[in-house]
Amino acid sequence: MIQFDNVHKSFGPKKVLQGVNLSIAKGSSMVIIGGSGTGKSVMLKSVLGLITPDSGTISVDGHDARTEDRDAFLARFGMLFQGAALFDSMTVWQNVAFRLLRGRLKRPKAEAREIAIEKLRRVGLTPDVADLFPSELSGGMQKRVGLARAIAAEPEIIFFDEPTTGLDPIMSGVINDLIREIVVEMGATAMTITHDMTSVRAIADEVAMLHGGVIQWSGPVAQMDNSGDPYLTQFIAGSAEGPIEAVR
Amino acid sequence: MTAVLAPFTAIGRSVIALMTMIGSVALFVWGAVSHIFRPPFYGREFLSALFNIGWLSLPVVGMTAIFTGGALALQIYDGSSRFSVESVVPQIVAIGMVRELGPVLVGLMVAARVTSSIAAEIATMKVTEQIDALVTLSTHPMKYLAAPRVLAAVLVVPALVGIGDIIGIYGGFLVATENLGFNPATYVRNTADFLQLNDIVSSLVKGAVFGGIAAVMGCYYGMNSGRGAQGVGQATKSSVQAAAVLILAANFLLTSLFFSS
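These protein sequences, in sequence, are chains A and B. The opening residue of the first sequence carries number 1 in full-length UniProt numbering; numbering runs sequentially from there. The opening residue of the second sequence carries number 1 in full-length UniProt numbering; numbering runs sequentially from there.
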């Protein structure tokens, strides 16, 4: 379980997180929604130690994320970045097998390549993609490679940062279905950040809305449309009218 | 009152910013150096850095050195002829190249070619979240990106300086023997007899220090770059400026250290 307790984070005078409290149950898929610049990515990066909160605690299975052995802690995670964040100096298979080619999970090169090709197949890419460089792939293919890299070491917890941003609706649907399938298949805990309500409905078990630096609403995805929360209702409707200011 | 204090406030802010940066660079250097000696070691990244910094810099180092050596021979000949001591050309070309021009010009060429490339590459990795991706893949960016580059530069730039020194002296030799009427055998003998071990050691030590400065500045500014294309551009520009100034400052300090007596 991932637990946020009264987490605060500011960047200069800008207070981004102002007391975030949230629990993500083991094996569930939590989607965080909210306007641009509300701190969704900050929440996610705080768990991984990429950003250090000013105060509050984040724990994973009851252990403080900051005091855990870093290597062992990070080995439990996989992450799909918004722009895929593939290493452009490496081929596709080397990107996917990055973790398997070095460090504590190191395997023989041939075995690592085999696993990478299997993971590429899992995300719908053929083995001939393995020796291409990321710059030779379309945006959708790069996202799939990023997804293959995220699951290559079979992590317990997977983070997805805006997985469908910049993709056409059909490719977005493909990525959403893949994420859902993989999370269910692996039994992993998932935390996704998105603005895309179609993704929310496809991926989420639970939804949390971040607004004003706090979790404005959280609950099962089935209750999202009838929450009665004016902020969430406005966000789902995509309306300029409501408590969320259109100009921020 | 506020207007009176404004210049002091500005000076104070600049001093604090400078001190903060010095502290930040010092911590960065400590981090990079400490990662060189702690496992895991990324041999492939080290070899790649060695190739990029060393082998690929050879053409620019060679061209710079040969033209500088030739120009130096012409200048010394012209200057020394005023005192009828033209025979000192081989000695002055050798000492000028080995003690000063070789290390400084190679250092500046490495700053222009390698520092800029390291800063731009790492800054782009930062902007595109590749550095965050490294962390999530249990790989320390300092260990993976900075340590191999700094170690490679410290080891290979002295070799570049040595090669630059030889090519520079050869440039002077070509001009002196082809244009100025020097006897080739005498030129070589005078050069070899005049150079001392201390000259060569100082040249190589300067190379190691300048290489370290060039790589550290590239990595530091790359990892601390701002967002977007402008951030990458700014990081690249600042890294080259800082490396060039630090190389010249370090050259003065090292020259004082080696030759003040």
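It should be emphasised that the hints constitute simulated quantities derived from the structure, not laboratory data. Quantities reported herein were computed from a predicted structural model and do not represent experimental measurements. Where is the CB? At the ideal position from N, CA and C, for every residue including glycine. Treat the hints with care, as some may be off.
[Claimed, not checked] Restraint-style ranges between C-beta atoms, simulated for each label pair: (1) B:248 to A:181: 54 to 62 Å; (2) B:10 to A:104: 49 to 57 Å; (3) B:10 to A:70: 23 to 31 Å; (4) B:226 to A:19: 54 to 62 Å; (5) A:138 to B:51: 48 to 56 Å; (6) B:5 to A:201: 57 to 65 Å; (7) B:43 to A:69: 19 to 27 Å; (8) B:248 to A:6: 31 to 39 Å; (9) A:138 to B:11: 47 to 55 Å; (10) A:90 to B:79: 53 to 61 Å.
[What the hints assert, rightly or not] So these bits of chain B aren't anywhere near chain A, every CB distance computed over 10 Å: (11) 31; (12) 125; (13) 129; (14) 137; (15) 199; (16) 234; (17) 251.
Verification of the supplied hints:
Under the hint 54 to 62 Å, the C-beta atoms of residue 248 of chain B and residue 181 of chain A, about 60 Å apart, fit the expected range. Checked against the hint of 49 to 57 Å, the C-beta distance between residue 10 of chain B and residue 104 of chain A comes to roughly 51 Å, which is consistent with it. Distance hint check for residue 10 of chain B and residue 70 of chain A: the Cβ-Cβ separation is about 41 Å, which falls outside the suggested range of 23 to 31 Å. At about 29 Å, the beta-carbon gap between residue 226 of chain B and residue 19 of chain A misses the expected band of 54 to 62 Å.
Taking the beta carbon of each, residue 138 of chain A and residue 51 of chain B are about 31 Å apart, not inside 48 to 56 Å as hinted. Taken as a hint, the range 57 to 65 Å holds for the pair residue 5 of chain B and residue 201 of chain A, whose Cβ atoms sit roughly 59 Å apart. For residue 43 of chain B paired with residue 69 of chain A, a C-beta distance near 25 Å keeps the hint of 19 to 27 Å intact. In this structure the supplied range 31 to 39 Å is violated for residue 248 of chain B paired with residue 6 of chain A, their Cβ-Cβ distance being about 51 Å.
For the hinted restraint 47 to 55 Å between residue 138 of chain A and residue 11 of chain B, the CB-CB distance of approximately 53 Å keeps it satisfied. Checked against the hint of 53 to 61 Å, the pair residue 90 of chain A and residue 79 of chain B passes, with Cβ atoms roughly 54 Å apart. At roughly 15 Å, the least C-beta separation between residue 31 of chain B and chain A is larger than 10 Å, which holds for a residue marked as non-interface. Not every beta carbon of chain A lies more than 10 Å from that of residue 125 of chain B, the smallest distance being close to 8 Å; the non-interface claim is violated.
The claim that residue 129 of chain B is not at the interface with chain A is violated, since a C-beta of that chain comes within 10 Å of its own (minimum 4 Å). In this structure residue 137 of chain B is not separated from chain A by more than 10 Å, as the shortest Cβ-Cβ distance comes to only about 5 Å. Once the 10 Å rule is applied to beta carbons, residue 199 of chain B is consistent with being away from chain A; the minimum gap is 40 Å. Distance check on residue 234 of chain B: its Cβ is at least 19 Å (rounded) from any Cβ of chain A, clearing the 10 Å threshold; non-interface status holds.
Every CB of chain A lies more than 10 Å from the CB of residue 251 of chain B, the least distance being 33 Å, so the non-interface label holds.
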